[in-house]
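Add chains Y, E and X to chain L, keeping to what the hints say.
Residue numbers (my numbering), protein chains in the order written: chain L, 36 to 509; chain Y, 36 to 509; chain E, 36 to 509; chain X, 36 to 509.
Everything labelled a hint here was simulated from the structure, so no lab data went into it.
Treat the hints with caution; some may be incorrect.
[To be verified] With a straight-line Cα cutoff of 16 Å, these simulated EDC-like cross-link-like pairs (lysine to aspartate or glutamate) come out:
{"no.": "1", "chain 1": "E", "residue 1": "Lys452", "chain 2": "E", "residue 2": "Asp351"}
{"no.": "2", "chain 1": "L", "residue 1": "Lys506", "chain 2": "Y", "residue 2": "Glu279"}
{"no.": "3", "chain 1": "X", "residue 1": "Lys506", "chain 2": "E", "residue 2": "Glu280"}
{"no.": "4", "chain 1": "Y", "residue 1": "Lys448", "chain 2": "E", "residue 2": "Asp201"}
{"no.": "5", "chain 1": "X", "residue 1": "Lys505", "chain 2": "E", "residue 2": "Asp304"}
{"no.": "6", "chain 1": "E", "residue 1": "Lys452", "chain 2": "Y", "residue 2": "Asp201"}
{"no.": "7", "chain 1": "E", "residue 1": "Lys172", "chain 2": "E", "residue 2": "Asp304"}
{"no.": "8", "chain 1": "Y", "residue 1": "Lys506", "chain 2": "L", "residue 2": "Glu279"}
Since this is a predicted model, take the numbers as computed values, not measurements.
Below, each chain spelled out in residue letters.
Number of protein chains: 4
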Amino acid sequence: MVKLSPEEYVETLRQPRRLVYANGQLVEDLTQHPLTACVVRAMARSYEMEADPAYRGLLTAKSSLTGREVSRGIHIFRSIEDLCKRVDMGLAYAREFGTCYYSCPGCDALNALAATTWEMDRELGTDYHSRLKAFIKELEDRDFRCSGAVTDAKGDRSLRPPQQPDVYLRVVEERSDGIVIRGCKVSQSGAWANHYHIIVPNVALREGEEKFALACAVPAGAEGVRYVCQFNFYSAYRLVAGREEVPNWPYGFRETCVILFDDVFVPWDHVFLYGEVNYVGKLVSRFANIHRMVCGGSCKAGFMDILIGAMALMADQLGTMRARHIRNFLARAMVMRNVLYACAKMAALEGREEPEGSGFYGPDVVYANTAKLLAADYFYEVVKYACDIAGGLVVTAPSLKDLESPDVGEQLKRYLKARAPAEERIKLAKFIQLWLMHAPATWHGAGPPEYEMVFLRRAIDLEPLTELAKKFLG
Amino acid sequence: MVKLSPEEYVETLRQPRRLVYANGQLVEDLTQHPLTACVVRAMARSYEMEADPAYRGLLTAKSSLTGREVSRGIHIFRSIEDLCKRVDMGLAYAREFGTCYYSCPGCDALNALAATTWEMDRELGTDYHSRLKAFIKELEDRDFRCSGAVTDAKGDRSLRPPQQPDVYLRVVEERSDGIVIRGCKVSQSGAWANHYHIIVPNVALREGEEKFALACAVPAGAEGVRYVCQFNFYSAYRLVAGREEVPNWPYGFRETCVILFDDVFVPWDHVFLYGEVNYVGKLVSRFANIHRMVCGGSCKAGFMDILIGAMALMADQLGTMRARHIRNFLARAMVMRNVLYACAKMAALEGREEPEGSGFYGPDVVYANTAKLLAADYFYEVVKYACDIAGGLVVTAPSLKDLESPDVGEQLKRYLKARAPAEERIKLAKFIQLWLMHAPATWHGAGPPEYEMVFLRRAIDLEPLTELAKKFLG
Amino acid sequence: MVKLSPEEYVETLRQPRRLVYANGQLVEDLTQHPLTACVVRAMARSYEMEADPAYRGLLTAKSSLTGREVSRGIHIFRSIEDLCKRVDMGLAYAREFGTCYYSCPGCDALNALAATTWEMDRELGTDYHSRLKAFIKELEDRDFRCSGAVTDAKGDRSLRPPQQPDVYLRVVEERSDGIVIRGCKVSQSGAWANHYHIIVPNVALREGEEKFALACAVPAGAEGVRYVCQFNFYSAYRLVAGREEVPNWPYGFRETCVILFDDVFVPWDHVFLYGEVNYVGKLVSRFANIHRMVCGGSCKAGFMDILIGAMALMADQLGTMRARHIRNFLARAMVMRNVLYACAKMAALEGREEPEGSGFYGPDVVYANTAKLLAADYFYEVVKYACDIAGGLVVTAPSLKDLESPDVGEQLKRYLKARAPAEERIKLAKFIQLWLMHAPATWHGAGPPEYEMVFLRRAIDLEPLTELAKKFLG
Amino acid sequence: MVKLSPEEYVETLRQPRRLVYANGQLVEDLTQHPLTACVVRAMARSYEMEADPAYRGLLTAKSSLTGREVSRGIHIFRSIEDLCKRVDMGLAYAREFGTCYYSCPGCDALNALAATTWEMDRELGTDYHSRLKAFIKELEDRDFRCSGAVTDAKGDRSLRPPQQPDVYLRVVEERSDGIVIRGCKVSQSGAWANHYHIIVPNVALREGEEKFALACAVPAGAEGVRYVCQFNFYSAYRLVAGREEVPNWPYGFRETCVILFDDVFVPWDHVFLYGEVNYVGKLVSRFANIHRMVCGGSCKAGFMDILIGAMALMADQLGTMRARHIRNFLARAMVMRNVLYACAKMAALEGREEPEGSGFYGPDVVYANTAKLLAADYFYEVVKYACDIAGGLVVTAPSLKDLESPDVGEQLKRYLKARAPAEERIKLAKFIQLWLMHAPATWHGAGPPEYEMVFLRRAIDLEPLTELAKKFLG
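In isolation and in its complexed conformation, chain L is listed as follows:
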């Protein structure tokens, strides 16, 4: 077993080489390109944090497989305490990076697979769970991390996968030694900076859709795998603006990519589900529940911590801290932050063994989905407050380069200062602009609200409540 230093981690990205494209070009050096270096930096920092005694036991865990102290990012939950720690790990990374921890969905996909493969082995006599355990041991041995490859492109939502096979990742060939897969996964946060992609289906499947019923691990940079970076307005800003004025330059903004799989071979020992359409719904749900607890709950609480801090700084700079409506914005933002954290925590505290007898633990479904449901709306709401406090400059501020212009710089500095220099005010405004971009990303990450409503409509147990009500009706 090794423990990778940040530098050693960066080395692991060189072999196999990840073919990453950004804005139409192959990225030569992932550690240097403005759109990729931030991902590497975040992952390297996560290795550093894990080695920091201050985070021991939070970002690391005792492996139930080997008893070794391993990264909590590849740890399988075996108790309520593990669930609580997962929640607080989400909070810690969110506050550290101001963006994704890029092994977060991978961790949750491993956990969903642990429960589901255990169940399949028991019920179907397969050996998926043994394979998974061996795979996790390999991860531990090499201190490797996984991305969770969940989101299919999905194309026309009114069609089933077999009606439009291109837009769902699928098996195109079955061999004696493994399978060959083709297609893509989209909106993959920092996938290539991990060592494996844990592929799981995105939707529940039916009989006749076996080719799409697939869970497996594929090494990052494997033969046939390529990555195409997102390219949004902020991406352009990273390319054009000075490092100084790019908000969260070090870690960036949920740097996702499309992963293309061009007939990629996966050996059987890395296949954890194939064809068992009846177990896909459970696998998808388990992943969703865990991920919504963290991604909707504590991670967004962590983001809000930063954003509320930025709001308070801005109010200080503009001398508006004593205005009643500004104080209300701050208090309301904190209320929302706390509700998200409370729901995540309750999802963990009211978690249970899942499936029964397995020794694995999963969160309470209602609380987990509530966390994500509310996060979607709350995030927009807090962003709205932040942009209110920032004033129009949140989108109308000039460039910091203008502040350095010999023609107009001096005037801009004089006129745009508040209780802080113009430069700080503008940087803070642009930082808040970045959080605006997060709002739709937060909405969709771990599934948009209608998905949580589907779970909630199904999961709420009305019967004990109708019994209770009947007591009052004689």
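Chains Y, E and X only, in chain L's frame:
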């Protein structure tokens, strides 16, 4: 030490006699009058529940004074666990009664006093805390309960108490053996069905307002004490309608009263604060925080459990359970119920020793106030859903007596039935009508939202968050 | 042609006698019983207002049939101006009565019938429209008013009418001279105080449901017709409390009833649709659109005028008028009131000839449904604000009889006064309590929000907007 | 009098030359630079539209000064109809440009000045109004347009202008022939593409703040005037991305700038207010009311028309148009769009002569402020829906250049297609991303919600409503 049986409890109400007025008349027998019997019934049932092994440890606690097992309603919190149990006691009673547990504010007032008198004795050398301990021991000895007498009439809110002394309870005479108080407390849920009223101030006070700075215990039914029942639309319904059709006939609807104090003498050993205006703010805040945790959090979650149950029953009766918007109403209601409970629970879990060194525990201020803040809006929201599901009959249903009318009864039964008989449908609609009445009561109980905003604006700690944000701004 | 004086109007109620039941009893004198007198009073007052020159042209209109000046309550819209006047008539009555104008749905049902019978005659060669014109002329001649009998009991919503015939009003016999109908209509505001009931179906119908496809006029008090009054908490209060303390004693609270039809004969010339299931949807929609414009829009604006006035009075009494959050409540309430009125007005202003060529006018569907959709939520919201401003006394105030009690009256008066005497404060609080009861009634009147959403999902015309968007996409 | 053709208009921008800086550089050719050409294009198009008979009478008006047909952008309102046309002009330009009409605030500032200078001349005997009329005649003669220069940098909001003179535009010298001004105005949409800047104060002023009490006209490109473009994420995208993939390439996104005034001389005949601090509040309010009617009301309705169209296109492309929640999003968005338009229209319809006797017209204050108040929240809400419908690709889509990459282009096209080609889907997603950026801009344009609340708290007239309420209280 005695443990009162329900019957023994009822006996305690006879001596001293409580002079209770309802709709202009003195109530002859509190156990029989439609507006008072429900209060007696609820309290008697609480004694019964405490004796039930199923509730031991939840509704009872080990006294830290005497080591005896006592009612949790008079227990002082000495741990996070105590706070958690207080939360769950609130839930249990709310679900049992569908209305107030009438010793609830009393419990919270005792706890606020425990912390504040301890602090005063330490800082001022007073002996308030010793008096309080002796008083609590008396409560334990006799198995007595307390109401919390907090809300002043307040009159013109733009004036301070000395400018309108009548509308704040105050000391009118100081004697060697005690004090004489005059005035009233309003919106007092089931006060007279307790054994003592724990009087605490309602607002923070300033120098010059010493006469209003008063905390003490007054026996229910004491010389000079009289009670006037609330009389709202539901009260009238209790008087007019048949028992069958009065929703929650057994326990009623937050049966409050005005307590009038006409120059009531209080001996010194029952005085726990008098004149120390600087401690009033703390006392008021401590009471508010505890009460908002329970009254805003778990109690309202309990009410919602019943109401959601009623909604589900109604949807079943009307065959609308499969309609998407109805399912959404149910899911959204459950989300709100759970958020309230989560906030109450977190307020307890993140509670702390208060004041430091005292051994007493208080809830997290932000979570406690969040629970109440959200409860106010959420309750209206859930009521709105419930009334939607119930249809127009929620206010337009005829009387059950009409269903028994030889002229029109048969037709009404035939036409107004759904998947349940007309009678059940109407009873359920009227039950939901009752919850509508609860909405403004829930809003104001433990203080309306603007009060919580005052606490939240003050309590949120922005500094760690601005520090965090600064890390991202270089 | 006659113009009835208020007294003459009251006389018209005696013959045929209306058999009205309230709380299990037949009402002896409709002009005296606390639950019915208020309805008579409102209708009588409407006759008085129509005769008042100040209201001429608003509450009266020039008949397009006869050129005579008639009540606008039986007038058919023939212009945008007529629609605008209908909107302002709704506002005027709402502000006058603080409750329903009991011929309001009747007016809208007549208008929906005018358009639909015209269309049927043209398309099917029926003579429904001629019958309707003759009927309206009769109304004009006798200065009569109509209730609109729309809402069926509906029972199990998952079943169609033929599966549960009892809960939809239907034809049980067809005769040479007319039809015989059986069943009931529920939630009928002040029906018996009109002269005719305009029966229209409540839901769109399909082939095979011809017996339920029925529009006709039935004289109030006709053979076989009986009425059963609603009996809610406020009804009980009207029975028990002194006239002084019953909020809106003169006009009451949407005094609805169930109308029972026990095999009532309707001659052909009063039948305006029978069996033409394909026209039912249109008829229902036209009624809904008109009624939502007024009932959701201007009528609720009128209610809010009164309620906002009550809020302001209460804030004055309590000295809270300068508090920021109170001012915000008032401003927000006014915003909502104005939005409702604006939507009603725009529904009228953007109305159109309907059907084309008919000379009749109907409102814009989107604005009309928007008015009602928003009214449902807004009304709860404003009530919430009002109850906030009123304080807990909104449900916890004692009876005015207590204020007159020799034992406790003086104290109550002293302690409960604010900047107004205790009596006024309590009356105002109880007045606000009444508006709370209106909230679910407003929600359901003219159809609950999901009904408007059905209309809106269908009515919005996306094509011009997608064309517009395409321009921006090249 | 001339009527400029689009080409002639572009010529007018060359003399005097506007010194415009973008991202630290002086822009060489305003008609070519990606950050400025879009502004020129929009203004040129507006000249073209004015000449189009289809828009005659909407975008043009009959001058009350000269009787000539002039641009409505420099027209003074003299009737309710003028107000209504102003509303619909806002709608038309918003739908045409998908961004600002850059003479919009200028038009409103001229109108606010017309009323206020008229009032000052009458009350103070000044000749401001005559100057303004002469100036407007010059505008008509030359077919010139104005920007409205309102927003000061404001710095520390807790300080008054004299405490921080740099951050409010002010007079630094008074000469016999005019005044010299110094400072800046921020968030100035397309200012330099107009011919004059109409400077008005941003906040009400007090005695002692005369130097800041200033309204005047300054020629664009005048000596001492310089412009610094906003530089936000979208600006960077315009620089980096291919024209094809820049959403709204032709007209861009509210391209604001900072206008720097370095000791700019203004002759007296272009000064319309100087030193009269008592009239500043009125001037500011009048501007705000007019601008909120249009900018908050119809302009945002126009934006929403485009955005709802985009939502519908996206739902079509993704095959989600039949999903209930998607239909609800569309219907709700349309509801909000219509409410904004209704409030703008009502603000115009309920407008009045302002000041009395002047012959000038201003909108209803409550409706105008309501339009803007609601627009702020509604816009975020609709953007939220749009981003929901667009899915995660709204921020995670790759570049269109990636679609052309020989390495990965073919796969991306295959996998990312839906019912439309991948390229269209991505362009549409990015178009929606642009509307996200509009949300905070819409919030602040014409003043953030708290400003409207200030106006509303002040403007609502409670007295008639309290009188109304009293009628119900006896």
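Consistency of the hints with the structure:
Only pairs whose Cα atoms come within 16 Å are accepted, and Lys452(E) paired with Asp351(E) is accepted, the gap being roughly 13 Å. A hinted pair counts as satisfied when its Cα atoms are at most 16 Å apart, and Lys506(L) with Glu279(Y) qualifies at roughly 14 Å. Note on Lys506(X) and Glu280(E): the hinted pairing holds, with a Cα-Cα distance of about 14 Å set against a maximum of 16 Å. Restraint check for Lys448(Y) and Asp201(E): satisfied, since their Cα atoms lie roughly 10 Å apart, inside the 16 Å limit.
For the proposed pair Lys505(X) and Asp304(E), the alpha carbon gap of about 47 Å is over 16 Å, so the pair is violated. Pair hint Lys452(E) plus Asp201(Y) holds up; C-alpha atoms about 9 Å apart against a cutoff of 16 Å. For the proposed pair Lys172(E) and Asp304(E), the alpha carbon gap of about 13 Å is at most 16 Å, so the pair holds. As the CA atoms of Lys506(Y) and Glu279(L) are separated by approximately 14 Å, the hinted pair is consistent with the 16 Å bound.
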